[in-house]
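Hey, can you work out the whole structure from these sequences and the hints?
4 protein chains.
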Amino acid sequence: MSKEIIYTQTVQFGDCDPARIVWFPNFFRWIDAASRHFFVECGVPPWHETERTLGVIGTPLVDTHAKFMKTASYGDVLQLHTSIPEWRPKTFVQRYRVMRGDDAIMECDEVRIFAGRKEDGGIRALPIPPEIRALCE
Amino acid sequence: MSKEIIYTQTVQFGDCDPARIVWFPNFFRWIDAASRHFFVECGVPPWHETERTLGVIGTPLVDTHAKFMKTASYGDVLQLHTSIPEWRPKTFVQRYRVMRGDDAIMECDEVRIFAGRKEDGGIRALPIPPEIRALCE
Amino acid sequence: MSKEIIYTQTVQFGDCDPARIVWFPNFFRWIDAASRHFFVECGVPPWHETERTLGVIGTPLVDTHAKFMKTASYGDVLQLHTSIPEWRPKTFVQRYRVMRGDDAIMECDEVRIFAGRKEDGGIRALPIPPEIRALCE
Amino acid sequence: MSKEIIYTQTVQFGDCDPARIVWFPNFFRWIDAASRHFFVECGVPPWHETERTLGVIGTPLVDTHAKFMKTASYGDVLQLHTSIPEWRPKTFVQRYRVMRGDDAIMECDEVRIFAGRKEDGGIRALPIPPEIRALCE
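Chains as they are written, first to last, in our numbering: chain Y, 1 to 137; chain H, 1 to 137; chain C, 1 to 137; chain G, 1 to 137.
Misleading hints may appear alongside valid ones.
[What the hints assert, rightly or not] Below, in silico cross-link-like pairs of lysine-lysine (DSS-like), each with a Cα-Cα straight-line distance of 25 Å or less: (1) Y:K67 to H:K118; (2) G:K70 to C:K90; (3) Y:K67 to H:K90; (4) H:K3 to H:K90; (5) G:K67 to C:K67; (6) H:K118 to H:K67; (7) Y:K90 to Y:K118; (8) Y:K118 to H:K90; (9) G:K90 to C:K70; (10) C:K118 to C:K3; (11) C:K90 to C:K70.
FYI, nobody ran anything at the bench for these hints, they're computed from the structure. Remember, it's a predicted structure, so these values are computed and weren't measured experimentally.
Structure below.
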C-alpha cells in the first residue's frame, strides 16, 4: 500500500482562460508540485542530497495520462490526492486525483523514473532505491 | 486522412527548469497552441464566429496521453506535427509529434470535444460538425 | 493607513530556471494572486458581484515598478506583504514586499484602476468606489 | 546608438485571462525571451561560452518598470522592439516597446547586470564587457 498525501492548491484568476475555467496546462504545473510534495512529506531528502548518497538527481516524467471530468475556476480550492500505486523494476506509477471537496475534477497517472547521471552528461533510469521506496509505502 | 499542420516553437531559457531541460507542463502550453493553430490553418473560423453559426465555443480537452522520449533545452527549435487521425460521433483524437529535426522528443494523443453551451451555463459535447470535419480532412 | 495582508507562496522546482533561481515572471504571477487575495481578505465581494452593484469588473494594471534584491529558489517560503499606501482620484498604488523571513527578496509598486465597461465593449477607469476604499483602510 | 531588434510573438488563447486579455505576467515571459533574442541577434555567444571566455553567466534583472497602454488578446501578433539605450559602469538599461502594428501596447525599461560567479557560489555584477557592448551598439 502506498501512502496518500494531499497537496492543496487554490485556483487563481490568472490560472483561468477566456472560457473562465482552468487552462489545462496549469493542472500539470500543480501535479508536478504535488509529486515533489509527496516525496518531501514521506521524508525523502532533497535531490541534491540524494545525488550524493544514492546518485538520484530527480524523478523525470516518462509517460502521463490524464482524464478531465469537471471544470474548475478561480476561487476553487483543489485537493491533489497523491500516491504511488505501483513500483516496477526501474519505473514507478505516481497517481493524482484532483478533487474539489467531493467532486472529482481530474485524474492523472504518471510513469516516472529515478534518474542518475551518465558519464556523457545524459541521464539514465536507476533501479528503484529501496530506501526511497520504503519511505513512500 | 487528416491534414498535418506544423507549429514551430523555439524553447526559451525560462521554459527550462534547474535540470536545464524543458519543464514538462510547458509542452502542454505549446500543444494547446498547436491545437488552435491546426484549426486556423485548416480554415476553421474563430470560435466567436462558430458560436453564432454552429454553436461551437471551443474544443475542450477530455483526455490526454503523452510519452516523453528525449529532453529538449533552450535554443532548440521544435516542430509540433499536428493532425486529427480519428473522428468519433462526439469526440475526436488530436495527435502531436514533437520533433527537433529528426529527433522525436514527445508524442501526445488528446481526446477533445466540440463544446456548445447548455441552458444552465455549463457546456456539452456537440455532434462533430461536418463543415469543420471537412475542412480538417 | 492601509491594511497589510500577507500572502504566502512556496517556490516550486518548476518556478526556477536553469540558474536555479526563480524565473522573474513568476514573481508577477504571485503578485497578481496577492493583489486579489488582499481584496478578498479585506472583505471586498468578488468582481462578478461588484459588477452588478458598482460596475467594477476588476483592477487592471496600468504601471508596475519592481526591484529585485535577493534571489529565491525552490523550497523557499515567501511572504508577500500587500498594502494600498496611496489612493488617487481614479487610480491606486498597490505595494508588495516579498520577504523570506527577514530577507527582502523583491519589492513592487503597482498602479491599478477600478475598471468598468464602456458601451463599446472597452474598459474605463472608474472613480475609486468609497465602499471598497473603506474596506481596505 | 543601440541596435534595435524585433522579437515577434503571437498571443495564444491560454495567454489570456477570463477578461479575454493578456494576463500581464505573460508580457514579462515574452520580454525575457526578447532580451535573450537581442543578444543572440547581435552576435553575442551563448552564456555557457561567455562563462569560459569572460566569466559572464547571464544578465539577471535588477529593476523593471513597465507601463500598460492598450490591451491585447489572442490572435494578436506583437512586435517587441528591443534596444539598450544606456550603458552604465556595471549595469545597462534594456528597453522594450511592445507594438501591435502602430498601436503601442506596453513599454518596459529594465536594469540588468552582466553576472559572474563569486567564490562562495553567489553572483556579482561584472564591469560591462567591452566586447559585448561593441556587438550591441
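Structure-based check of all given hints:
Between the alpha carbons of K67 of chain Y and K118 of chain H the distance comes to roughly 21 Å, so the proposed pair stays at or under 25 Å and holds. A C-alpha spacing of about 17 Å is found between K70 of chain G and K90 of chain C, which places the hinted pair at or below 25 Å, so the restraint holds. Proposed proximity of K67 of chain Y and K90 of chain H is supported: the alpha carbons are some 16 Å apart, at most 25 Å. For the proposed pair K3 of chain H and K90 of chain H, the alpha carbon gap of about 20 Å is at most 25 Å, so the pair holds.
Taking the CA atoms of K67 of chain G and K67 of chain C, the gap is near 15 Å; set against the 25 Å cutoff, the hint holds. With a CA separation close to 34 Å, the supplied pair K118 of chain H and K67 of chain H exceeds the 25 Å bound. Between K90 of chain Y and K118 of chain Y the CA atoms are separated by roughly 16 Å; this keeps the pair inside 25 Å, and the hint holds. With a CA separation close to 47 Å, the supplied pair K118 of chain Y and K90 of chain H exceeds the 25 Å bound.
Between K90 of chain G and K70 of chain C, the direct Cα distance comes to roughly 17 Å. Compliance with the 25 Å bound is thereby established for this hinted pair. For a cut-off of 25 Å, the pair hint linking K118 of chain C to K3 of chain C is broken: about 31 Å separates their Cα positions. In summary, the hint linking K90 of chain C to K70 of chain C is not supported, as the alpha carbons are separated by about 33 Å, beyond the 25 Å threshold.
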